[in-house]
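Q: With chain A held as given, fit chain B onto it using these hints.
Chains A and B, in that order, are what the protein sequence lines are. When the letters of the first sequence are read in order and numbered with numbering that gives the first Met the number 0, they come out as residues 0 to 108. When the letters of the second sequence are read in order and numbered with numbering that gives the first Met the number 0, they come out as residues 0 to 1002.
Hints listed in this document are in silico derivations from the structure and should not be mistaken for laboratory results. Built from N, CA and C at the ideal position, the CB exists for glycine as well. Treat the hints with caution; some may be incorrect.
Said to hold, decoys possible - Calculated lysine to any residue pairs in the SDA-like style (CA-CA distance at most 20 Å, straight line):
#, chain 1, residue 1, chain 2, residue 2
1, B, LYS894, A, SER33
2, B, LYS274, A, ASN59
3, B, LYS894, A, ARG27
Said to hold, decoys possible - Calculated from the model, a selection of chain A residues having no Cβ within reach of chain B, i.e. all distances over 12 Å:
#, residue
4, VAL10
5, GLU45
6, THR89
7, GLU90
8, THR92
9, SER96
10, GLY101
11, TRP104
12, GLU106
13, PHE107
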Amino acid sequence: MLIFECPYCGVLADETDLAAGGEAHLKRFGPGSSDDEFEAYLFNRENPKGVHFERWRHINGCGKWFNAARCTVTMEVFGTYPAQTLEPPTEITNNISIKRPGWKWKEFS
Amino acid sequence: MSRRFSNKGRLIQADKPIKFHFNGVQFTGYQGDTLASALLANGKLLLGRSFKYHRPRGVVSSGPEEPNFLVNLGKDHFFEPNQRGTMTNIFEGLTATSQNHFPALEFDFGEINSWLARFLPAGFYYKMFIHPRPFWKYIYEPLIRMSAGLGQAPKEKDGSTYEHFHAFYDVVVVGGGIAGLQTALVAGRSGIKVLLIEQLASWGGRAQIDEDEIDDAPVNSWVNKVLEELASMPNVSLRTRMTGVGVYDHGYFLGYEQLNDHKANKDGPRHRLWKIRSKLIVCCTGAIERPVSFAGNDIPGVLLASAVRDYAINFGVSIGQKTVVITNNDDAYKTAIFLKESGLEVPVILDAREHGGGEAAARARAIGIRVENGKVISRVIGRKRVLGVNVCLSSGEGETTERIGCDAVAMSGGWSPVVHLWSHCGGKLEWNDESSMFCPDKSRPPTNENGEGFMETAGAASGNTQLNEIVKEATELGLSIGRKFGGKQIRSNVPKVKPHLENPVEPFWLTPRKAKRKLRNKTFLDFQNDVKISDVELAAREGFESVEHLKRYTTLGMATDQGKLSNINGLAVLANALDSPISKVGTTTFRPPYTPVSMGSIAGSARDSVFQPVRMSPIHGWHVEHDAVFEPVGFWRRPYCFAKKGETTEQAVNREILQTRSSVGMLDASTLGKLIVSGPDAGKFLDLVYTNMMSNLTIGTCRYGLMCSENGFLIDDGVVARIDENTFLCHTTTGGAERIHSHMEEWLQTEWWDLQVFVQNITEQYAQIAVVGPNSRKLLNKLGGTDISKEALGFMEWTDALLGGFQTRIFRISFSGELSFEISVEASVGLDFWNALLDAGSDYGVMPYGTEALHVMRAEKGFIMIGDETDGTIIPQDLNLNWAISKKKNDFIGKRAHERIFMRNPDRWKLVGLETLDGSVLPDGSYAAGAGHNLNGQKHTIGRVTSTYFSPTLNRGIAMGLVQNGPDRVGEVIKFEKISGEIVEATIVDPVFYDKSGSKQNV
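Here chain A stands alone, though its shape is the one from the complex (with noise of 0.2 Å):
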């Protein structure tokens, strides 16, 4: 039952308020992409021992989907922000810098 702070309405909410939306910052290839590109997007995933970028929505609270940075082995939060941003905020990947030195999550380091 993890626990994440919804950003939006900063409620503190576990998983009966939320619904887990997978992998954050997918970038989305529509028509004119390649095929390998194509199916990249829509089925390959990153499965990481460790720091991993999250969607969730908190669907029986304010409705507001958001992203989270999170441990998956120690299920500790780094940090949870709007979903409405291409990269996760500097204030975030400094916190996991600073707690998961040398980390590494597609491109962002």
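A: For chain B alone, kept in the frame of chain A given last:
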């Protein structure tokens, strides 16, 4: 024979006798007895049969770890199987039956398995039942199913009630022994919020049985004093009969409280599931004694030494007159000493250790007990009860040096800390060579959202065996908890306890150490699953070297006890067989729940009418009054049809269709999803969401639209109406409103957040009624108020208008192929409007129709239904809906997916109509077989039925289906197979069966 030798048991009230039934026979026990102690007091030692070999089994423990003594408890609505007799307190009128025997406990046919044991080794099922293949289905499986399972499944609905609690504390202390009491006391004095729970009915744990004094007073007076102080603290909550069953991510804790299992009066909730959030969970869960592995260690009368002591001290019950004690540690001496001092015989203490015990051994000798060091039991003599033991050297192969007559054996193989809760959420363990146990590695606890540990342990659960160390650890922990969670500064002293001088435990995973095969074959590790030393060794030889594989291959540690007694012994034997250290072999994963919880407690109060919300249209009450036959559609209940007296549902459906097609009918369509999509970019957004173009829809018109997932699969359909420049009203399927609303929100919030669009679900704000049939316009004209002629309101147009005084929105859309108006009004006047329509239509014989008539009429017109023609793998092109897919748009959700090779495959199954040659109705979901077979020897399939109905309009069966290259094969006859194997031939036809030109709806 077991008996009650004293009426002064610590937990019983000898002045309160209680009558109960076991296997149909009435027995008497005392208030405070468990089912196990009461039956033992009555001389009942044989209490069950084992699972695989049906060997006679008696009780082996006195607590939650009991593997053998499981009973079917209660009857009828209060029946529950697999209840542990050691944890069930008796009450007046209790009934229980033993399990796993046929025909009787004393005489059992299945015991033949015991004689066949050498042919039933580990993995036997996997090896034996694979060939010949047909045998599995017809012989093996039915036989195995007959003999499998522990208790009986309840047949009646559960008559008890259950509830959930949600609770919040600073600290939850699990276990009300000395460690738990002291931790809670010291932490509680700081003022922080503490919950202390104990699985048993009484506090104090084992110390009251095993120890002499704390703070110069008897243990129980110390316990009572502490309880008094705890009870006086408003910040501390105490609960007995409550087990900590699970620890989950971020410190979520599950407690299981049994409220009236011990009472004759079953009023009120039976179980309560506590869902707890706390900052810290302290595991004071104690330790469980391990059995010793010698041949015949499963014979009734062989018990854990601690259990023998418990029954004697707590209940005044002796297992036998003459009890042989076998041990590898000092603790079991306490059993021997108590028995001897109670006037019972202890012929010998066999201490496997060459150097024997410490202080306790000297005491035993001093009171005249014979103690033999370096000796063990080679085998127990007896079958349904213990008759004696053969003694041998602990280091040898099992040559008998002496036979000693006895009727009970008390065994102790050392203690295992209860680390289950610690491990549930990733707390790590370390093997301690000195004490031969897995202890919590306190440097690696399970962690919370801040990456900090959220669990601590104290007492025997930490691996401490000495009470003076335990009280010290608990006091220090209590103080640090108080400091950490902001409590008052307090002082608490460590209670005074005299240390004992003990000799260290010495592991003997097999006794004697070099026991021969014949002995190993009768040496049980897991009593519940009948796993023997030889089974584990066989598994290791066959390559099941991982402890997780071993578990699954041999079933070691499975079922209701989850190997509480067997796990450590089993993995030690595996480590031995692999010649690898125990620390490297490791343990299997501990998973919640610690002990079984009732299904009812998981459901809580979510049963019957409160299991799921039921959604009702504003006209629902009218439907109920008019004999609607309801069907669930999502959370909604919709009328399937309105059956008149003496009418079958089929007759009702046919009547409703014929009336609608010939005159006029009405449908309550309020459940249809209605989403308002508004904003300057609404058109642009809908162009991305629908496969059609929506931005060019003119105000006042409607368009049928399709929605796909990014995978390209069709997920919903419905009519979109443009309300004004910036506003669209999107209709969804009845079950789809919330799903599609979420779908839109997801894309708006996570991909196209630059678009200025707002989506609002207004499904429940409006009642919507479809008035359908050739007389529908006449009916509405009788209400009057608006010109709804073909010229004023054309097909696929809408208007806001007054109808018979009601403010309405009229859509000229049709899902039946008839002239049809769908009219929405505010939900609050939905019923009034419905009644007004009924009045106005009386001249035309207007009647309501239900969802089945709706389905049949849409199928007659070849209209698809989401969920019938689609199943999450269907693209619009499969349904010949290319006309609804825009070619002008650069992008929409699913467009790129439609370009994938598999989606463009010309061999995809496509929508066609199907007409049986004999006019019958095809079975729903039936498949058409083509030529040839696949790799599994099954016939190739070339199509399937997606919708199939009897059409009263055409007076024959009609169906829609997906068929390989279907549209190119119109006129061809293909064969569908019924479940019975019977073949039904059907001609492939156009899916529009009725009014192909559309002349009826466009008038």
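Q: Give a verdict on every hint.
A: Hint check:
1. About 13 Å separates the Cα atoms of B/LYS894 and A/SER33, which keeps this hinted pair within 20 Å; it holds.
2. Distance check on the hinted pair: B/LYS274 and A/ASN59 sit about 18 Å apart at the alpha-carbon level, within 20 Å; holds.
3. A C-alpha spacing of about 13 Å is found between B/LYS894 and A/ARG27, which places the hinted pair at or below 20 Å, so the restraint holds.
4. Look at A/VAL10: its CB is around 14 Å from the nearest CB on chain B, clear of 12 Å, so calling it non-interface holds up.
5. Against chain B, the non-interface label of A/GLU45 holds: every CB pair exceeds 12 Å, the least being about 17 Å.
6. Even its closest Cβ contact with chain B, about 20 Å, leaves A/THR89 beyond 12 Å, as expected for a residue assigned away from the interface.
7. With a closest Cβ-Cβ approach of about 16 Å to chain B, A/GLU90 is found to remain outside the 12 Å limit, as its non-interface label requires.
8. At roughly 16 Å from the closest C-beta of chain B, the C-beta of A/THR92 stays outside 12 Å, upholding its exclusion from the interface.
9. Listed as a non-interface residue, A/SER96 keeps its Cβ farther than 12 Å from every Cβ of chain B; the least gap is roughly 14 Å.
10. The claim that A/GLY101 lies off the interface holds: its Cβ sits roughly 17 Å from the closest Cβ of chain B, which is beyond the 12 Å cut-off.
11. Residue-level check passed: A/TRP104 sits 17 Å from the nearest beta carbon of chain B, beyond 12 Å.
12. The claim that A/GLU106 lies off the interface holds: its Cβ sits roughly 18 Å from the closest Cβ of chain B, which is beyond the 12 Å cut-off.
13. No Cβ of chain B approaches the Cβ of A/PHE107 within 12 Å, the least distance being about 17 Å, so the stated non-interface status holds.
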